[in-house]
Each structure stands twice: as C-alpha cells, then as structure tokens.
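Residue numbers (the working numbering), protein chains in the order written: chain U, 1 to 849; chain C, 1001 to 1368; chain R, 2001 to 2221.
Ranges of calculated distance between the beta carbons of each label pair, as one might list FRET restraints:
| hint | chain 1 | residue 1 | chain 2 | residue 2 | range |
| --- | --- | --- | --- | --- | --- |
| 1 | C | Ala1037 | U | Lys87 | 30 to 40 Å |
| 2 | C | Ser1160 | U | Glu104 | 51 to 61 Å |
| 3 | U | Ser351 | C | Ser1235 | 41 to 51 Å |
| 4 | R | Gln2072 | U | Val823 | 19 to 29 Å |
| 5 | U | Glu104 | C | Asp1262 | 57 to 67 Å |
| 6 | U | Ala407 | R | Gly2185 | 49 to 59 Å |
| 7 | U | Lys87 | C | Ser1151 | 29 to 39 Å |
| 8 | C | His1043 | U | Glu134 | 27 to 37 Å |
| 9 | U | Thr229 | C | Ser1160 | 20 to 30 Å |
Derived SDA-like pairs: lysine to any residue, alpha-carbon spacing no greater than 20 Å straight-line:
| hint | chain 1 | residue 1 | chain 2 | residue 2 |
| --- | --- | --- | --- | --- |
| 10 | C | Lys1214 | U | Pro217 |
| 11 | U | Lys747 | R | Asn2164 |
| 12 | R | Lys2009 | R | Lys2065 |
| 13 | R | Lys2154 | R | Glu2121 |
| 14 | U | Lys451 | R | Asn2129 |
| 15 | R | Lys2080 | U | Arg466 |
| 16 | R | Lys2065 | U | Thr758 |
| 17 | C | Lys1100 | U | Gly206 |
| 18 | C | Lys1134 | C | Gly1088 |
| 19 | U | Lys87 | C | Glu1121 |
| 20 | R | Lys2080 | U | Asn467 |
| 21 | C | Lys1265 | C | Ile1191 |
| 22 | C | Lys1163 | U | Ile219 |
| 23 | U | Lys87 | C | Tyr1132 |
| 24 | C | Lys1171 | C | Leu1148 |
| 25 | U | Lys747 | R | Gly2163 |
| 26 | U | Lys87 | C | Gly1165 |
Quick caveat, the hints were computed from the structure, so don't treat them as lab data. Glycine included, C-beta positions come from ideal geometry on N, C-alpha and C.
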Amino acid sequence: MKLLRLSCWLLQGEWRARFVQIIVAVIAIAMGVALGFSIHLINSAALNEFSAANKSLSGQSDMQVYGKHGFFDETVYPKLARYEGVKLANPVLEFTATVSAKLENRNDHQLKILGIDVLRAAGISPDLLGIPAEGRPMDNFADDAIFLSPAAMEWLNLEQGDVLHLNVGLESIALRVAGGLARARAGQRIAVMDIGTAQWRFHYLGVLSRIELKLEPHIHHEAFKEKLTRELGEQFYVSEITDQETRIANMSRAYRINLNMLALVALFTGSFLVFSTQALSIMRRRSQFAFLRVLGYTRRQLLQQILTEGMVLGTIGALLGLVLGYGCAVIAINLLGGNLGSNFFPGIQPSIFINLQDATLFFIIGLSVTVLGAILPAREVVSANQAGALKSGSEDSAMNRTLRSRAALLCLSIGILLTQLPPVYELPIFGYIAIALLLIGGIALMPSLAKLVFTFLQQYVSRYSRNVIILLTVARQANAPNQASIALSGVLASFSLIVAMAVMVLSFRISVDHWLDHVLPADLYVRVADIGMQGGFQLNEQRAINGLPGFVRTDFFRVQNLALNPDRPEITLIARPIDASEPDHTLPLIGDVLKLSQLPEGAMPLWVSEAMVDLYGYAVGEKVRIPVGDTWHEFSVAGVWRDYGRQFGAVQMQLSDYQALTGDFSINSAALWLDVETTMAEAYAALQQLPFSNVLEITQSQQIRESSLAIFDRSFAITYALEIVAVIIGLSGVAASFSAQMLARAKEFGMLRHIGVTQRQITLMLAAEGCFLTLLGVTLGFILGLGISLILIFIVNPQSFHWTMQLHMPWNWLLLISIVMLVSASLTAWLAGRKALAGSVVRTVREDW
Amino acid sequence: MINSFIKKIRLALFFLFSILWLSTAVSQQSVKDSQFAVVSPGHALIFPQDYGAHPDFRIEWWYVTGWLETEDKKPFGFQITFFRSATGHDPENPSQFAPKQLVIAHAAISDPTIGRLIYDEKSARAGFDLVYAKENNTHVKLDDWYFLRDSKGHYQTEISADKFGMQLSLKPTQKMLLQGENGFSRKGPNIEQASYYYSEPHLKVTGSIRHQGKRLTVSGHAWLDHEWSSELLDSRADGWDWVSMNLFDGSSLTAFQIRGKDGEKLWAYAKLRSAAGEARFYNTDQVEFLPQRVWQSPHTNAVYPVEMHVRTGESEWRLTPLFDDQELNSRNTTGAVYWEGAIRIFQEQRAVGQGYLELTGYESALDL
Amino acid sequence: MLELRHIHKSYSERYPVLSDISYFLKPGEYVAIMGDSGVGKSTLLNLIAGLDSPDSGEVFVNNTKISALNDQDATLLRRKEFGFIFQSFHILPHLTLHQNVALPLLLNDLPVDRTDVLLTEVGLRGRGNDFPRQLSGGELQRVAIARALVHRPKLVLADEPTGNLDPDTAYGILQLIRREIKKNGASGILVTHSRVAAATADHVLILTKHGLLPAATNTGL
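Work out the full structure, taking the sequences as your base and the hints as a guide.
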C-alpha cells in the first residue's frame, strides 16, 4: 500500500514536471489511433452499407443462380421453379439504364433498375415492392410504370406521377413514376419495375440476370448447390448469400487493406514519438531510478512504475483517439461520403456504427504501442548498473542496448528479402512487413549513422572552424548519437512516409497520365445507351457515323462485362479493331508481345490486362477460353496491356473476331479522329446532324482525361491527410524530444551560461542542433522513403491492384517539404530551448542548497 | 416501425383484394372503352368450351365449397377457389413475363374441433407453364396447386399448403345448373352489371386431406361455381351475402344479395332446382337475407351475421354455421378479409341440407 | 579587482538575504568565504558573476560596474574575466577534455594552444582526447580547473570545489586551485563549508547577516 502511494507520488511529480511533453505524447498516440480508427470506421461503414444494400436487393433468398456471362436465357426459370427442393424461384432482371436528363453528367448518369415479378418477389425480397398510389393497385403490373427509391427520386428530382425518360439505344422511352419502394436503404439509388415490362421496354426479351431461390426447409444447402451446379452446366453458377458477401468484400478488399495499412503506419510513426518521450524521460531520471533502486525498489517494482506511466498515457491517448477517430469519421462521411473520394462504393450513403470489438482492437493497438515505447527504455534502466547511473554524464549509454546496429542491419536485410516473396491471399502482406522492417531497421541504424556522419563532420569542423556553437552542436551529435537519434526517429519515420507516398502517388499519376494518352488517342468519343444486351449503335447508325464529314478515322467499340469466376467481380471484354501487326499502336502493351505471324494458325488473338495475368494466371502465348456470345471460345494471349481503369481484369479482342463469333454487329461507342482542318466545333456540328444526335453522349478525350485525373486526385486525397498527420507527428517528436532534452541538459546550459555563453548563443545552438538533426533525418528519410516507395510501386500496387507503373520523382515537392521540415524543426527546437532557458537555468549548476 | 413496414407491404399487395371484389366496380368507367369483353344477355353458353377460361373477360373464378366427413364421421368444411384476373397490360408485350393474366388461389379447411379457419393463398402471373388458366376446359394451375376437369367430366384438384393439403376428386351427380337466364346472371340494377355463371351442385367428393400432420381419407359433397365477367358490381355496392345449399332431398338452392353502403339491398337473386330438374327463380323483391345472430371477429373486429334466415318467396331457410370463426383473414398479406363458412340449413327445426355461406364487405373500411 | 559597495539583496521583503555587504578584493588576492547554509553565499557569487543583480549597491569587476550591465554585456564580461569551478564539475560529457578546456578560449576567440599547457599543469598531460566518462571525480575537477584558468581570467570563483570529492583528493585539488590562481595572476574567491578548505586561501571571510567579516582567527597553514 505504501509503495503504491509512493508510486503515485512519483507519477504525479513526474507529470507535473513534464506536462507539455506528456500532452504532446498523448496527442500523438491519440492522432495515430484516431487516424487508424476513423479510416477503419469509414471503410467498414461503407462496406457494410454497400453489402447491406446489395443484400436488400437479393432479399432473403437461400441461393442465387447467375449466368456466367451476365444475362442468361429465361427458360431456366420454369426449370428451377419446378426443381426438387425449391420452394420459391424469383426471377430478376437487373440492369442499368441511361437517364436522358443526366446525359451530360458523364460519370453519373446510370440508374440501376430491377425488373421483378412482384408476386414472386413478395416472398423473397419484400423490400423491393413498389408502393403504388392509392386506388392504382394495378401499377405493379402496368406496362408503363416504374417505382423509385427515395434517393433515386431525389437524384432525379421526380415525384410520384412524374415521367422519367430513359435512353435505350437511340430511343428515349418514358415511364410513369408510379411510387416509391417498400423499403430502400438511405442513399440507395434504385428503380423497380415489372419484369415483363422491363424485358420489353429495355430489350431484354427472353433473358434474366439472376434467379433467387428459397429452398424447402429440410434441404441440405451444400448438397443442393452442388447438384444444381452440376445439372445447370458450365454456363451458370449457383451462389449463396455468403458467397455474395465475399465477392463484394473482395471487390474493395485491396483498397481497404491498403488504406488501413497506411493508417497503421501513421500509428507506428506516433509510437516513435511515445518511444522518444518515454526514453528521454527515463534517461533524465536515470539517477532518480538508481536512487530508488538503492533505497530498495526491486527491479520489478521499478519496471512496473515505468510501465504504469506508459499504460496511463496509452489509455488516455487511445481513448482520446477513439473519440477523435469517431468524430473524424462522422465528419468525413458527411463531407465526402463513404468513398473517401474513391469510387469503390457507389450509390450508397453509409452511417457510422461503432462495433465494440473494433474499438477494443484499436484501443489495444494504441495502448500496446505506447507500452512498447515505455518497455524498451525501461528494460534498459532496470538492468543497468546503479552505480554508473548515479554518475553524471552517463545518460547516453542508456540506449546502447536497444538500438543495435547489427539488429538494424538484420531488419533491413530481412526486409529486402521479403520483397521477393509473392502475395498472400492476393494481399501484399510481405510487402508491408518489409516496409515495417525497413522503417524499424532504418531507425535502429540511426545512432551508428549519426555517429558516423557527425564524427566526420566534427573532424572537419575542429580543423576549419573556431565557432564554439558549431563545435558544441556537432560534438554533441557525434558523441551522444542515441539521444540525437531519438529526436530523429520521428522525423525519419514521418519523412520517409512522406517521401514514399509522394513518390508513389506521383509515379502513379504520371503513369496514369501516360496511359490515358495511350488509351485515348482519338479526339472525340461518342457513346450511346445500350439496347438490352446489345450496344446502342446498329449497323445503320455505324454507317451514318462513318459517313460523317470531317473525320479521318473512326473506331467502333463493343464493350461488355462477363464473369469468368463466380467468386470474382466481372471482367470487361472490349472488342475493337486492333492492328494485329502493330498492336502497341492501339494498346498500352508491356512486356512480351506476340506478332500476328507468331500466333498459331487460325488462332484468335486476345490481349489481356495485367490483372488477368495476376488473377487468372494468363500468360503470353498461352491458350485461354472465355465465353463470347453463347459459348466458350479459345483464344491465344498475344500480349499484356496496362490497365488502370479495371482492377478486376479486362481483355481486348478484334472486333471482327467478336462479330464472327457472336453475329452481334452492334457497338457501344465510337472513337473519332478529327481531320486536321476540322475544328472541334465543326466536329460537334457534324455530329449534331445525325438524326439520333439527341441521345448521343459526346465527350472530348481531353474531358475524359481531366475527369479521370480529377478522380485520381480525389481518391488519393486521403493520402495527403496521412502525410500531414505524419508531418505533425514528426514535428511533435522533435518538439517533445527537445523539450525533454532541455530539462535533461539544464545543467549543461547552466554551466555554459556561467562560462560566458550568451542566452542567444544557446538558443542558436539548439536551433542548429534541430537543423542538423533534421537534415540528417530528412536525408536518411529520403533514402528510406525511396526504398519504401519502391516497395509500394513495384510490390504493393501490382499485388493489390494488379497494375504496374514507372518510377517518377516529385523533386520539387520533396525539396519543398524538406525545407519546411528543416525550418520547422529548427524553429521547434529553438522554441523549446527558449522556453526552457527562460527559467533559472543558471541555478541548476549548483546542487548543494 | 415493423407495423408501418407491414402496412407498406400490404399496400403493395392490396391490389389482389381490390381485383377480386372492388376493382370491377370502381373502374366501370374504363371497362367500356377497354379491351375487355362485355357480358350480354341472350348469349348462349357453349360447352365444353365454357368450362375453360375466358381471358378476354376481366375476372373469372372457379369456386368450390363443400362438406367432408372423415372415416370416423368428423365433419369438415372446405373451400378451394381459383381466380383469374386480366390486368389490362399491353397485349403487344412479347415478354413471357408480361403480366397479362394473374391467377390467385384461396384454400381453406373448417375444422370445428379447432374452431378457426385454416387457410392459405397463392398468386402469380400466368406464364412459363407454371401458372395458367386454360381455355376450352377447366384447367387452372398455380405452381403445384391445380383444379381441372378430366375427360370423364370429373373435377380433380390438389392443394398443397404448408399447414394443410387437399387432394380431391369431384364427381357430378346432376346436370349442371345455369344461373340467371341461361347463364346470364345479373348483379345489379344496371344491365351491364352481370356475369356468366353456372354451377355444379351435388358434386360427390372423394379423396384425402392433410391436416395436423395426418393424411385423412374423406368423402362428402361439394358445390362448384364458375363465373366470369368484366364488370360485376354497382359502384354503390359494398359487399354481398351469398349462399349455396346442397339439400338432402337432392335439390339445390343458390341465393345472393348485393348490399349497398348502408347495408340496403341493391340486388338479390335466388334459384331453387329440384332433384328432378325443375328450377324456380326468385327476383330481388322475393329474396331476403335476415340476420339472426352476429359474431364479431376477434381478428379484424368485423361483425358478421353468421346466422341468417334466407327467405325465397314463401320459403324460409335458417342457416347456422358449423362454427363461428370461419373468417378468412389475410390482412397481413393480400389484405382479403371475408367470411366463408360451412353452414347447416334448417327448415322448421329440421335439418334439410348443408351448404356454404359467403359474407363480404363486413370488415370496416381498410385502414390504409 | 573586485569591489562590492553596500550590496542589498532580498527575495522576499521580510527576510533580506544580503544587506549592506561591502568588500574590496585586491588583484592577486585569494580569499575564502564561509558561512552557514542559507546565509547567501551563492547569491553573493551570482551577484559577483553578473548572473543576478543587487536590489541596491554596486559590484565592480576590474573597474567595470557589472551590476549595471544587461545580461548580454554581463555575459561578455564574464566570458572574459571570470573562471568557474563547480562542486559537480560540469564537464560536458560529449566533448573531449581538450574541447572542454578549450571552450573559454573559443568563446573569447583566442588561440587554443594554451589548452595543452593547462592540461599539463593540472596533471592530465596527453589525455586531451579522452572523454570525461573515463575520468574519476578528482580528474574531472582538474579539467574544470584547467577550464577556469585557460583564458587567463582576472577572477576565479570556486563554489565548494571539493564537495564531491574524498578528503585525500580534495586536498590536492585545493592546492592545485591555489597554485593555479597564483600562477596565472588571478584573484580568487573560494566558497566553502570546510575550515580545512578555507585555510588554503590567503584569508577567510565569514558571511553573516551583518556583513562580510574577517574570521575571528585565521588558522593559517
């Protein structure tokens, strides 16, 4: 009991003395936890909502039957309805239609429509039932009615009774808004209509998107699924709701995990701050601890004392972080929506919900990081020799054991080795471990490096300079490198993070920019709404477009989605004219390319995106089978192209091959090259001459390019937030360690004042120390950050998103941020020194009264 | 929250009830210029074609009610109804899913030992050979429920609900009975308010029912009504009372009245046919339904005159229910609420027959 | 050399620390100041060194009125004219002995050659490149003595220089301080509790509430 009281006194005394540093440490932990927690909250809220929205579409069905290439023949429906064990079969036709009024809004003009049989759906997805106006019960079967979710009504600015115009190919059809839906999730933008009407009006006659099944109660699901899958054949797949959830989670998994990893890196950076605060505080109190040991404190008691400090700090910081993180998440989701600027979760409006488990997890992470920051220096103190510790001037040896350059080199080499390992569950786990090891190793190597650099500098200085300030500064860094590196670890960690992110983002952006150049060679792109499963331009319209004056070249595209593997999101099939002898004129090809002559006789070439290589194991020269039209066909992989647009995979084939295989001569869009003499205005005017010009969506490649880059920037906005947090954490590290040092070095300053060093000179010296340290931190951070960015660019990105990119260096930005870091670190050190020196430093030299 | 949700669902599905009872009246304006066929007097029914469905008419039903007895002489009432309803959906729509015709089925068992109706219902659009109402002979199917007339002129039906099932064969023992004037049955003061209507009384029933987990062999007698129309009720109509009686002496009596909003009689009709085949017709003035005892449903609060005196000309028939609670209440699904019950028929304290009474429009206005 | 004129200093009104202290220290004179704890010895030293200023009265060092200087000028004066020896040595751990001793020379922009002379004088010849952690307490204090005299200050202030040392070592250090002060022609003030230590000075003064008084008996050497 008495000991506990003593323990409390010691804690109180310590915290009174270092209030500011403790606040800074707590804030650092809180920020790390907050960042991680809020990103996690936003992501999981978005995912949950997206998943719930999807689930609400499939209702309470036990199983769902899909066609492998999207829509399938409706004759399966009666077969399934009669199938042994099926209680209810609910046919669904799901598609998107282009809203005429939103045509100019290139990236957001599609309305998801579900065609349902209301009487069947009532037993499986009652949420989707349309609510007709009173007295108009038959609207559920009407041939001109559509029901809109509240979010869709708001988006379209329509009410019950209004007319909604939708584009189908070249026509615009009008549907009466007959009412709302029984229940839709907030923000869920969907429309529901009669399935027969939908098939007819939108040209999906004879096809369905899926059939939802409710099984008899006694049916064994696994066995049923297996049997049905076998009997339906390779054109279909049967999935349970859980499969759906996996699929949805898979779609955004890489994105979410990468974001979470970044948040963890921030937390990790924060932990250095805790570590440095704790380490310095412990160093400063070495003689106090030694004294306590002499008084009779056991090692365990002492360790407990230090750990308790860490626990209290960690608890306060982590709790604060949870609150802060929740607040940030709520604000972010209200301002940005669940996408965090990216587009992984379209058409939903999530709300933040805290789950106790996650909160606990983040709390524990925050706490353990803090405790770890306290344990390392504490172990050192506890096992130290007390007599030595009582002696003045021995502070610096305290850190020798925890930061060993041999261990550091080991970390670095393991990190480098790990980069060679393949992904785990399609996630770059080893890449991230390598990043962590590089950071740890780099920081652990700091003391030796600092000593090396400053010893060299010191020799130079003592030879050529008589400036006492520089001498003092350099000598201190050279001979007390551990303290220096603690201050440095924050700077190093945060700056390397900044460098890594900046290099990665810029490399990515420039690569995307080049890629856009390559994939958007034409001047104008003309698109039209699909007609059912067909592209909107039939041969007549294609001829009309070909006949337009002012264009030198016109390419037609046929684009559709198809599912190769039911567990994965659909891939995109693009059929277009490709110059088979020079395919890299059309496609952004990378690596080996098979020329026309190198292909086997009669083989159809297929050019696949990088994701196809990673996800489906396609390789150049290999024969692959994909469903085109009604059946599967064999193709030869003739090349791999880079695709930043579709991370789930895409393949391109000759339009002529496609037409020969399917007999489908429709196309979705056309790329037009202007004649040198034609102006853009003339080109538009020519297109306006077309009889169907009012349903055309005309885009200049410049616009697509700009909007693509804008989307890119938006989706990386979060990384800028991370960088800012990293800078703040790094600077707080400098501030914390310098103010801690002020106390620890009070005697030194007092002596210097006695022997005639002016106050200004001391603050100048501190600023110089801050500047030198930061310079070293920035330099090493740059090297480390570059290493990390290489991992991000060449390992994490290809493994997570299945695309590669080239390295580009953002020199200006890095230079700017280095200067900002340097200036602010010097300022911070200077301010910390000024504050400490304002007191009675001179008196600290005397201990005897 | 839950309540409002259920209310919304009900609102969404309420059309079924509307189609059955009200829409024929409410939308009388549209019927004239719509594509639906019109019921007219003097049109002779032709068999066997008219056993089948008449998709050109807005609404049609095959309505079987009857009494069953298990081997140990326990009485049951049963009702099996198949409705067909044309929605007015564009006939040009080539989609197999185009909801041009809907089929709706209600089935119920009245077990006095339970004291409550056990019922189920189904509805679906016609199509894909899963659901249909065929022309030329009685053949209606809704997934695994069906009602058909076989080559021997016997009716076969099977109902398989979660809680119960029926597999019955119904054999005519008498000639069919054309209601009204040779099958032209007026339902109101306006000549257009009419249907084509014939009945098959005294059907001999054999088969089995699945009830409380047991399969019971049953036999008994039943009554089939087949009726089709495009415009049935007067806009003032609020409901109807209808009764069919298989009398022990082999004669059969049909009687109904259409009630107005205040309960007044808008139209009434009765036809009595003796075993020998002599038919007697009673007009609106000659038919009266006189409530004797009312029962209030604990489920819907509706008040039904479950005991009636029916007067046809000078004859008076006392109707007493097999038990009171024979209300069919599907408020939470399709919204249909009516009383459809097995009754015993007495004349001067003497049991003279068994039949079915249907009481509609007694439920207070729906709370929407 | 050093003149104190009617010094008054108090940190609270009721209890003046120093009142009406006057004294004149001649060049080359080495005095010891004794006194009970709390009597104001350290305050007096701070006033002499210009680290603190008196409420009234004046302090002259080498004819400069240090008590009237601002912090910057006082520091510059101190840098040039003063040498300090502290109880706990205050040798910077991260500088070599040479660098530690050279600090005052660098501050005054003087050649650093004299460092080695001083290190030799204090018996640490050839150890200029050692770091303080390799030294014993007595050796550290020798370094401090070298540092205090390396720039030929006019006045050396030694505040309990042997407080942290064992008696055998202490005696050698006291002799060394005296010898070095005399040898370099400086004046010196030794503040101490110890009569034995005080006896190494030319004469001993007692600081009391009534002023700075000569000791009743000079025990002498």
